[in-house]
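A.B. asks: Here are the chains, one letter per residue:
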Amino acid sequence: MQEFDVIVIGSGPGGYVSAIRSAQLGFKVAIVEKYAVMGGTCLNVGCIPSKALLDSSEHYHNAVHSFQEHGIEIAKPKVNLDQMIKRKAGVVSNLNAGIAYLMKKNKITSFHGLGSFDSAKTVKITKEDGSSEVISGKNIVIATGSKPTILPFIPVDKERIITSTEALKMKEIPKHLIVIGAGVIGAELGSVYARLGSKVSFVEFADSMIPTMDKTMGKELQKSIAKLGADFYLSHKVTSAAVKGKEVTVKAQDAAGKEVEIKGDYCLVCIGRRPYTDGLNLAAAGLTADERGRIAVDEHTLQTSVPGIYAIGDVVRGAMLAHKAEEEGTLVAEVIAGQKPHINYNLIPGVVYTWPEVASVGKTEQELKAAGIAYKEGSFPFKALGRAIASMDVDGLAKVLADATTDEILGVHIIGARAADMIAEAVVAMEYRASAEDVARMSHAHPTYTEALKEACLAATSKRAIHA
Amino acid sequence: MAIEMKVPAVGESITEVTVATWNKKEGDHVKLDEVLCELESDKATFELPAEAEGILHIVAKEGDVLPIGAIICTIEAGSATASVTVADAAPAATPAPAAAAPAVAAGPTSVLEVKVPAVGESISEVTGSGWNKKTGDVVALDEVLCELESDKATFELPAESAGVLEVIAQPGSVVPIGGLLAKITVGGSVAAAPVVAPAAAPVASASADANYAAGHPSPAAAKILDEKGISAASVAGSGVGGRITKEDALSASKPAAAPAASAPAAVAAVAQGGTRREKMSSLRKTVARRLVAVKNETAMLTTFNEVDMKPVMDLRGKYKDKFKEKHGVGLGFMSFFTKAVCVALKEYPSVNAKIDGDEIVFHDYCDISIAVSAPKGLVVPVIRSAENLSLAGIESEVVRLAGKARENKLTLDEMSGGTFTITNGGVFGSMLSTPIINAPQVAILGMHNIVERAVVVDGQIVVRPIMYLALSYDHRIIDGRESVSFLVRLKQLLEDPARLLLDI
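From first to last, the protein sequence lines stand for chains A and B. Letter by letter, the first sequence follows residues 1 to 468 of our numbering. Letter by letter, the second sequence follows residues 1 to 504 of our numbering.
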């Protein structure tokens, strides 16, 4: 039986990062992956492919809608969905190979097969051909991620009623795509097809898009996506979905209980994701999942109730984000090495890769209100920003929330072009507990989108944005 | 919530007070800062202001003698009124720096906050220089908890109450007057008592340079400190606004001689070699600031002369045993110099003066400051009215003050108010130097080593014990004639000590 210092189950962004960090720290490491390729949800059916399609659809949308304005005249562009999907697949396999290379480079032993606990110290790997192997590890890291949540009354057939996984490999552009759930994933994939010409209807139980983010963000995002011709059924509770031939009928009730019926040719269900521990045989390790499928861990070390077994990423509490899982993967490796790393969960940014993008870190306005914290708000619209005007990307705004007394930045919420990249500045500032005025006094290159953050900080400091 | 009001630490040497008079009656409604009663110590009488608004319940009667930290009364705070420590971060709330106002939590156990007492008018902050007790220790009333160092003096902080100690301010950290040093959990279980207001500490230290982010470690610094087992609170941040940088964390070390949990890190820090950084003590910072200020703000120059020490040495050789027998103190050179200086100062009053705005303040007395090298740096205690003291009186003062200086026990009073300074670089072997004036004084005498030199006396080359003298003076109010004459007069007096007796 092969013995390892660390066995990581799952090769998503949490798992493979944990494996590399463990190897860097001198451990003998194994990584177990159920699928033939590494990278997990994020790389194969999540972040990366969706971004590939978002970019492709954005290019198409620009070609149709803004090239003329830019002074570029071309024949009416046509979508070649096959090619789009093919390019996306290329991007994914490119990165799959990258991770395989990193495993090799760090001398990490890769096992392909379903990993399951044999005991608290051993993992059984059942391969596709039915054969199995047991390896032992002093430490085992559960990084098995999550799967889309499925509601019992919505019959997902993966043909007409689909999840995000299928939405990334469509054979045709839907004529009318009904998206159940206007959260991050629904907003991203819905906007892909809206740009490619689909009619998109969002049905959302909450009263806004991306309801967990700052309210202003949902409102602004809805404005932008509405320009793509999307319909919104907010505060609507889906009661049923049915397929009849090529037609999907979704029924929902509004807040007053009035029923609406929406007919489309596809229905994308994006109501969230659930921790995925199926087949992991937690019981053999002496572990159980909680009622929401999560594995309980120590707040600081991410160790489970069984010493030597750790869990990271989507299978534990907290936001289901690749970069959160990466930080946890690093943390666990360092904890095993006896170090004392720390993660500031308040400063894990949340990003929606629509266009305009939405990015956010720290507290939302509603959270500050609920906590009774006195705050100041400063916003700056992209339409007043030189760079945004030059690029014709004028949708959006940057919003900074700062402590009313100390001026410390408590939350930054940006919707607009390149918001996802801009949020990094806010994270750095907040890790160092900068005040709004601190950031406002730092030189920001002109003309750039990041000036929006500087201006919003000026506004938050004392309502003195220069260009507003 | 009831606030327990305790006898504040009112001074270093005061251990108990007597309740003189109550201005308020049992059950009275009192307002914040309203004077409740008068307390008498053996040195002074002082008033006790209410720490909160509420209903007064008197515990100690008039005439009761209470130790520092004992409960005098309680104030039943109204629902809306907050205690002093719970006061929110409103910048208007001026933290009453007067004495170590102990704040206390309600409940079976109470937590006494040990704060930096007001130690002197001009002192705004102190440096914790060493804890005699550590977190978790059981301390007795009046037991010395730690030493605090101000830029003038070092003093000991006694426990205001018996209980379990929780150290907040680490050695080396600078804490403003009124800032939180430690907490003492009084009574009840040893387990961490509920802290009244964790926000209170930063609020209390809201001095001019305080920053909400002061002491906030960067992500890398936080990890390093955790691994070293050092609390961020004990590290002085060198980053913007007092933030703790990675470098701060790397160079931070555990206050106690605890075995380094992360030996590799410690080794790495040592192995770098070359330079070593230490925070300046507040004494050192003050010395530095003052010296530069004097250089910049005065017209300082130095005049020299030499003294044949043979007559003084002869006199001393002849009488030192008898002197010691009679006065119980050795006859040194210091008394001759001090006495001679007093005589010369009387004749040249501008050397014994100071500048105050547009006016010159002349002193009719000679309070002679003597520079003493103490373990923590230079201190300058004062021999009061030295002109009225005998040689024996001067010697015994010198011995007393130098002894206290070495033990860091000098009080502020003993170090302030000198009118002229004598410094003796000779004890370290200095041949000649140009001392810097001890502002606001205007002149300083530098003594040096005594060396046998060939000198010409009455046309003959003879060997004599010679000391060079230097007088640095502020030319703004002392003219060359006076400074030179002052020094010549000293020379005369020392070379013929009988003049001291005859006053000629």
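In short, the hints are calculated from the structure, not lab data. Honestly, I wouldn't trust all of these hints.
[To be verified] Straight line, CA to CA, 25 Å or less: simulated SDA-like cross-link-like pairs of lysine to any residue:
(1) Lys254(B) to Asp5(A)
(2) Lys246(B) to Val260(A)
(3) Lys246(B) to Arg433(A)
(4) Lys219(A) to Lys237(A)
(5) Lys310(B) to Glu166(B)
(6) Lys223(B) to Thr330(A)
(7) Lys404(B) to Val463(B)
(8) Lys254(B) to Ile348(A)
(9) Lys340(A) to Lys310(B)
(10) Lys219(A) to Val260(A)
(11) Lys376(A) to Val329(B)
(12) Lys340(A) to Lys295(B)
(13) Lys223(B) to Pro307(A)
(14) Lys223(B) to Glu247(A)
(15) Lys295(B) to Asp358(B)
(16) Lys219(A) to Lys369(A)
(17) Lys223(B) to Asp5(A)
(18) Lys263(A) to Glu247(A)
(19) Lys223(B) to Asn344(A)
(20) Lys369(A) to Tyr212(B)
As the structure is a prediction and not an experimental result, all values here were calculated from the model.
A.B. asks: For every hint, state whether the structure bears it out.
C.D. replies: Verification of the hints:
1. Lys254(B) to Asp5(A): violated, 32 Å
2. Lys246(B) to Val260(A): Distance of about 59 Å is beyond 25 Å: violated.
3. Lys246(B) to Arg433(A): Since the Cα atoms of lysine 246(B) and arginine 433(A) sit roughly 15 Å apart, the hinted pair holds (cutoff 25 Å).
4. Lys219(A) to Lys237(A): Status holds; Cα separation ~19 Å.
5. Lys310(B) to Glu166(B): violated, 60 Å
6. Lys223(B) to Thr330(A): Within the cut-off at roughly 13 Å; holds.
7. Lys404(B) to Val463(B): Distance of about 38 Å is beyond 25 Å: violated.
8. Lys254(B) to Ile348(A): Distance ~31 Å between lysine 254(B) and isoleucine 348(A) Cα, so the pair is violated.
9. Lys340(A) to Lys310(B): Roughly 71 Å between the alpha carbons, so the hint for lysine 340(A) and lysine 310(B) is violated.
10. Lys219(A) to Val260(A): holds, 23 Å
11. Lys376(A) to Val329(B): With a Cα-Cα distance of about 71 Å, the restraint between lysine 376(A) and valine 329(B) is violated, given a limit of 25 Å.
12. Lys340(A) to Lys295(B): violated, 50 Å
13. Lys223(B) to Pro307(A): holds, 22 Å
14. Lys223(B) to Glu247(A): Violated: lysine 223(B) and glutamate 247(A) sit about 56 Å apart, past 25 Å.
15. Lys295(B) to Asp358(B): Holds, because 20 Å separates the two Cα atoms, which is no more than 25 Å.
16. Lys219(A) to Lys369(A): Measuring from Cα to Cα gives roughly 18 Å; hence the hint holds.
17. Lys223(B) to Asp5(A): Holds, because 23 Å separates the two Cα atoms, which is no more than 25 Å.
18. Lys263(A) to Glu247(A): Holds: lysine 263(A) and glutamate 247(A) sit about 7 Å apart, inside 25 Å.
19. Lys223(B) to Asn344(A): holds, 12 Å
20. Lys369(A) to Tyr212(B): Satisfied, since the Cα-Cα distance of roughly 21 Å is no more than 25 Å.
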